[in-house]
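**Student:** Given only the sequences and the hints, what does the whole structure look like? Please build it.
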Amino acid sequence: MSPLKISWKSLWSKPLSSALNIMLIAFGTGILTILLLASTQISEKLDNNSKDIDLVVGAKGSPLQLILSSIYYIDFPTGNIPLKEAMELARSPFVKRAVPLALGDNYNGTRIVGTDSNFVSLYQLKTAQGKFWQKDFEAAIGATVAKNQNLKIGDTFYGAHGLSSSSDVHKSHPYVVSGIMTPQGNVTDNLILTNVASVWKMHDEHEDHDHDAKEAHEHEAHDHKAHEAHDHEADDHSNDESRELTSLLIQYRSPMSVAMFPRLVNETTNMQAASPAQESTRLFSLIGVGVDTLQWFAILIMFIAAISVFVNLYNSLKERNYDLAIMRTLGASRTKLFLIVIAEGIMLTLAGTIIGILLGHLVLEFIGSNQESSQAQLSGFVLLYNEIYLFVAGLGIGIFAAIIPAIQAYKSNISKILAKN
Amino acid sequence: MISLKSVSHEYPGGHRIAFKDWQINHGDQWLLLGESGSGKTTLLHVLTGILKPSAGEVRINETSIYGLSSKALDQFRGRNIGIIFQRPHLIKSLSITDNLVLAQSFAGLPTDLDRVNEVLTSLGIANKKKAYPNELSQGQLQRVSIARAVINKPELLIADEPTSSLDDKNAAAVLELLLQQSGINQATLVVATHDKRVKDAFTNTYELA
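Chains A and B, in that order, are what the protein sequence lines are. Here our numbering is used: the first residue of the first sequence is 1, the next is one more, and so on. Here our numbering is used: the first residue of the second sequence is 1001, the next is one more, and so on.
No lab work stands behind these hints, which were simulated from the structure alone. Nothing false has been slipped in among the hints.
25 Å max Cα-Cα, derived BS3-like pairs, lysine-lysine:
no. : chain 1 : residue 1 : chain 2 : residue 2
1   : B       : K1092     : B       : K1129
2   : B       : K1052     : A       : K416
3   : A       : K135      : A       : K147
4   : A       : K126      : A       : K147
5   : A       : K420      : B       : K1071
6   : A       : K131      : A       : K147
7   : B       : K1196     : B       : K1169
8   : A       : K152      : A       : K131
9   : A       : K201      : A       : K131
10  : B       : K1130     : A       : K5
11  : A       : K318      : B       : K1071
12  : B       : K1020     : B       : K1040
13  : B       : K1052     : A       : K411
14  : A       : K420      : B       : K1052
15  : B       : K1092     : A       : K416
16  : B       : K1040     : A       : K416
17  : A       : K84       : A       : K60
18  : A       : K411      : B       : K1071
19  : B       : K1196     : B       : K1040
20  : A       : K9        : B       : K1129
21  : A       : K9        : A       : K318
22  : B       : K1071     : A       : K416
23  : A       : K420      : B       : K1196
24  : A       : K416      : B       : K1020
Part of the chain A face toward chain B, derived, beta carbon under 7 Å:
no. : residue
25  : M1
26  : S13
27  : Y322
28  : L330
29  : G331
30  : S333
31  : I414
The beta carbon of each residue, even a glycine, is placed where N, CA and C say it ideally should be.
**Tutor:** In structure tokens form, the structure reads like this:
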């Protein structure tokens, strides 16, 4: 009979206190697992979505808001910028690539993004079926959109004004799905892409029907109003003077640009430049406070669990002193007793750790599946290499909690214990 | 053959106790008589390799047991010495069978369930082999502890006050079991007691002053 089996049986002989210890450790490990998975996935998503974008130029306002709306498609845009000024910046020698974005509409909560082929090359998008848009009101949709909204090539849908509500539908022009993109594992999976002109035209028409345009596009709409009469049939570029964009995604030509270009934008134009890297770091440091707090909380629970395992083993050792002495008289060596006690501690904490890790994954999957925003959806069915550290920590706690009782078992004077009877 | 040669032990307080030399031949049945405090437990522990005496030598079958390493001594004890304590201390988390298998495995011997059955049957408790210690009566537990002591066919079977907490009838029964088991397993028997009731069953007596 191996020491492991003896430890195992001994744990089963006191199921309540074993269960309590396992629960404490599972709880602590579970929280740590969730934190680890969630923060890794969030920072991965942040990095993945902004990896090739050096700068975002948009209307003045909160730089974080600009980043959130133009890169992560979460918040509302800060406002609009004149197309003319934007194009001037795009032609700047500091800029390798400039991607225009025209936001403002959605389809069932999925954002419709007016942009051009630069967006496709920036995110290295490919179509799985069909083609990217060729004409106005053609749209290429992300893989997740196709799945969730059940859209196929050739299907038509109506965009609605705003970023999430579907109350104010643009009935005049339906979009036609011209292509479905391959899954990218980033925010583009959840977008509907079309050309900028489609978004403009949608709102030209929109203006005729609805004079109470709302939200971010209010002033854009008013600007267009004046030109409506004579520009109605105009080509996209004939009225550049009055056209507006939401923002411009910039890729630098050289590292030199980092120092020069943001200042150029902020000082010489009425627009602002925001760096995704900086703002993501700032955003993450805001989330980080909460993560840190939870982390300390989880570590505290683990610590309490370690003490509880220690007390459990220590107390049971007092009761089992005689048992262990008897084992010695039956021929068990000191080392064997040491192993029996250590194995008990490790089994407790390892069981707790495994249950905790499983629980953490399940809970995160549950949270993820109940999430409203599909942009930052979390998944519990992801195994991280770092989880091995949780495992090691569990093992460490087991050894830490069991080492003193185990040494006592090793050193115990059986003659004294037996004589005391 | 077991021999005790010029053994003396000094307690931590400085009190010293010396034991007469003792020679036990194979198959003998001895009574170790002594009042409480006379060093009876100490002598038993010395004899079973649990307590190394301050001086002197204990030989069991030509092995000087305190010349062995701690680990080797533990295993030697497991194989060659069966001990029956005043109260039957079984491992509560293990079934009766597992308690006996435990004794086999600690002694470094392979698991032998036939032997377990044989011993339990000879002690009349074969029907309890799947039970746990807390399901057995005191008398049944005493039998299991005898079974555990003889499971590995030890050279020496030692019982420490096996009858002191029992009434006359049960004391006689336990004594009979001990004598019978030492006979079946061809083990040398030493019963340590201050219980005068068992005196008549033995011809050999080692008396502590």
